[in-house]
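K.L.:
Start from the sequences, fold in the hints, and give me the full structure.
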Amino acid sequence: MSDPLLANLNPQQLQAVTAGDGQILVLAGPGSGKTRVLTRRLAYLIDRMQVPAYEIVAVTFTNKAASEMENRVATLVQSDLKGIWLGTFHAMCARMLRFEAGYLPFNNNFVIFDSDDQETLVKRAMRDLKIDEKLHRPVSVHAAISAAKNDLKGPKEVTRGSYKEEVVARVYERYEQLLRLNNAVDFDDLLFWGAKLLREHEFLRDKYASRFRHVLVDEFQDTNMAQYELLTYLSSYHKNIFVVGDEDQSIYRWRGADYRNVLRFEKDFPDCQKILLEQNYRSTQVILDAARSVIDRNHNRTPKHLFSDRGAGNKIVRYDAVDDNAEAGFVVDTIAAKIGAKNSLPRDFAVMYRTNAQSRVIEEAFMHAGLPYHLVGAQRFYGRREIKDVICFLRLVENPSDEVSLQRVISVPPRGIGETSIANLRDAANNAGISIGDALLDLGRIGEASPYWAAVGRSAGKMADFGATVAGWVDQKAQISLVSLFDRILSDVGYREYIDDNTDEGVDRWENVEELRRLAEDFNERGLTEFLQNLALVSDQDTIKEEEEDRSRDNSSVTLLTLHAAKGLEYKQVFIVGLDENVLPHSRSKDDPEEMAEERRLFYVGITRAKDQLYLVRAERRRTFGEFDFSEPSRFLKDIDPSLILNEGKRASSRSSRYEQDLTWGPSYNQPAAPSKVRHISFESAPASSKAAKYKAGQRVKSEKFGEGIILESKLESDGEEIIDVHFKDYGLKHLMASLANLEILQ
DNA sequence: TCGCCAAGACTTTTT
DNA sequence: GTCTTGGCGA
Numbered sequence: 000m001s002d003p004l005l006a007n008l009n010p011q012q013l014q015a016v017t018a019g020d021g022q023i024l025v026l027a028g029p030g031s032g033k034t035r036v037l038t039r040r041l042a043y044l045i046d047r048m049q050v051p052a053y054e055i056v057a058v059t060f061t062n063k064a065a066s067e068m069e070n071r072v073a074t075l076v077q078s079d080l081k082g083i084w085l086g087t088f089h090a091m092c093a094r095m096l097r098f099e100a101g102y103l104p105f106n107n108n109f110v111i112f113d114s115d116d117q118e119t120l121v122k123r124a125m126r127d128l129k130i131d132e133k134l135h136r137p138v139s140v141h142a143a144i145s146a147a148k149n150d151l152k153g154p155k156e157v158t159r160g161s162y163k164e165e166v167v168a169r170v171y172e173r174y175e176q177l178l179r180l181n182n183a184v185d186f187d188d189l190l191f192w193g194a195k196l197l198r199e200h201e202f203l204r205d206k207y208a209s210r211f212r213h214v215l216v217d218e219f220q221d222t223n224m225a226q227y228e229l230l231t232y233l234s235s236y237h238k239n240i241f242v243v244g245d246e247d248q249s250i251y252r253w254r255g256a257d258y259r260n261v262l263r264f265e266k267d268f269p270d271c272q273k274i275l276l277e278q279n280y281r282s283t284q285v286i287l288d289a290a291r292s293v294i295d296r297n298h299n300r301t302p303k304h305l306f307s308d309r310g311a312g313n314k315i316v317r318y319d320a321v322d323d324n325a326e327a328g329f330v331v332d333t334i335a336a337k338i339g340a341k342n343s344l345p346r347d348f349a350v351m352y353r354t355n356a357q358s359r360v361i362e363e364a365f366m367h368a369g370l371p372y373h374l375v376g377a378q379r380f381y382g383r384r385e386i387k388d389v390i391c392f393l394r395l396v397e398n399p400s401d402e403v404s405l406q407r408v409i410s411v412p413p414r415g416i417g418e419t420s421i422a423n424l425r426d427a428a429n430n431a432g433i434s435i436g437d438a439l440l441d442l443g444r445i446g447e448a449s450p451y452w453a454a455v456g457r458s459a460g461k462m463a464d465f466g467a468t469v470a471g472w473v474d475q476k477a478q479i480s481l482v483s484l485f486d487r488i489l490s491d492v493g494y495r496e497y498i499d500d501n502t503d504e505g506v507d508r509w510e511n512v513e514e515l516r517r518l519a520e521d522f523n524e525r526g527l528t529e530f531l532q533n534l535a536l537v538s539d540q541d542t543i544k545e546e547e548e549d550r551s552r553d554n555s556s557v558t559l560l561t562l563h564a565a566k567g568l569e570y571k572q573v574f575i576v577g578l579d580e581n582v583l584p585h586s587r588s589k590d591d592p593e594e595m596a597e598e599r600r601l602f603y604v605g606i607t608r609a610k611d612q613l614y615l616v617r618a619e620r621r622r623t624f625g626e627f628d629f630s631e632p633s634r635f636l637k638d639i640d641p642s643l644i645l646n647e648g649k650r651a652s653s654r655s656s657r658y659e660q661d662l663t664w665g666p667s668y669n670q671p672a673a674p675s676k677v678r679h680i681s682f683e684s685a686p687a688s689s690k691a692a693k694y695k696a697g698q699r700v701k702s703e704k705f706g707e708g709i710i711l712e713s714k715l716e717s718d719g720e721e722i723i724d725v726h727f728k729d730y731g732l733k734h735l736m737a738s739l740a741n742l743e744i745l746q
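Residue numbers (numbering that gives the first Met the number 0): 0 to 746.
Please note: incorrect hints may appear among the correct ones.
[Unchecked claim] Below, simulated DSS-like cross-link-like pairs (lysine-lysine); rule was C-alpha separation at most 30 angstroms, straight line:
1) 122 to 195
2) 133 to 152
3) 314 to 566
4) 637 to 704
5) 693 to 341
6) 589 to 637
7) 728 to 714
The hints are simulated quantities; they were obtained by calculation from the structure and are not laboratory data.
Bear in mind that the values here come from a model prediction, so they are computed numbers and not experimental data.
P.N.:
Below is the structure:
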């Protein structure tokens, strides 16, 4: 079939893409072409079924997924996509809430609070209620509030059984009051109010539901209750809902995601058509079999039989290291040898771990070996202090009621205004029934004539100065462009001088601000409101993942990332490290079977990222919080059929620091070097003697010099030389030329 | 009011 | 081991 819209689809994919009206549930295993199905389906509806783009809503979880989909669909259809609602759940709701603000307890220039702001506000609420922050940690109270919202429970609807629940309920109530006072919503509110709006106003529900002839959803397994309800409302008129997901890849339970929404969907729509995508285009069969043996032990799911036509492939290599240094050493050695053998590039590799803390040891090993690497997602651009500062200045201008932002920037840079003065102003503002921001502006505009002058006390003058500055921005914002406003704020407060102290970090900080300014330039036409909303909703992951993709394309370096961050990505060779009890599965998941099932899924996600080769690595002993911990192998390792695994045994424990020694005489990749400088050891080579490979992976061998070992990989070079990677019991990984290695094959 | 030091925390983090 | 937070002294 040469029809580009339907070309290159397997029968199940085709069935999904061309399915008729009604409810369609596509369960798509990893690497089964889920994105392809979704984009083709969209194109099919528009191009073949003549559905106008504005009658379609397609929701994703990330902006990146949304923009990718949009770009791909645009290349497939003739007509433009004008009017389509294609974006994240949160962006979609924000749009709806601004439009329907008349029915809501906030107005349409609300700001969106990120998790930092939310926590600040929870703390404030707890202080207001005189609740001891030591007894009830604000983070956990916040988590409980967030969970309630995701479950569509308001402050009045949460259970008040235990003392803790009582505390949560009271803080929740106050927290909501504060949000309204700040004219702000949090992430969860976007969904909460979105669902509430459609539930409580029938005509609004009809308005949207009748407009959207087709509803499409990506990553359906990650929806929470609010999102599920929202989707039901949106599809309540035409009842055409097409969802794609995979229960087995649901790894955000702790954020309210409930994979059982897949089961709920089947129950709510008994006539739904269920399509399984089981052909995997990514991994070898060995990898898929291992993945399946791990995931099949979970319940409440649709069993899937992933298959590949890529052949069995290499066995999985398991390596048990004595400690975390040796674990990192194994990873680095193996990668360096393969790169040295010129059969792999740094970008072919990824190292995945359960917790960010594990990256440190691995990074050190990479640095020591001079191997190029990069981390995904560890440093959050939007979490950076300087970025947050500037955003808060802007938010304050947009919405002077935003007390969280005001509080943050009032002493940036320090201007002699302290906690006492702020508290005085807040009290006075509260008494007058206005927001503290408005009081500040009043003070700035009329100075001593303001009723708040006396209330503030000693630093009233300084407070008024700052108020005047802010008032200047607020008065100007309608007249000047976003970028001019940006520049004006920075120069008025002397921000560059404040953060850039000419140290490396200082320069770095200023560069981040400049980066933010570049982003602002893109929004110069659209203005401040949209810029801020975009900052709140695009945040972090999208930008960082994009950067990471560019980086691994251009500079070619090994990717280090958490298992969570790995979702949706793929690499030729994957190392999963820390396969130990209490690491993976994590110790905190031990007393809850649901949590444990999620750890299993996390491992499953990791396994299925690998295209060609998977390494499972653990350490008997690792440093956590500066102390040594011993641990058992992860329970998940037992679930993989031993015939799929090449067991490496463990490194002789006599010299745990041997990697440092190895590096000085092994393959010479020990100098700090750019990727190109990672060279492999060059033997004084004799001409090739044989044309056929003598060794193959899995064979046990013995060498005079290195003792017993196991072949990891053998490759025949174009000159007929056989290059082998051998892992020796006592010497670790060696990269050798077969003709010179003088190895004896053991039975 | 600000900055420094010490005690305490410390999974994961699509929006 | 290292980052954050909060208390205290200048």
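K.L.:
Checking against the hints above, which ones are violated?
P.N.:
Result: hint 4 breaks, nothing else.
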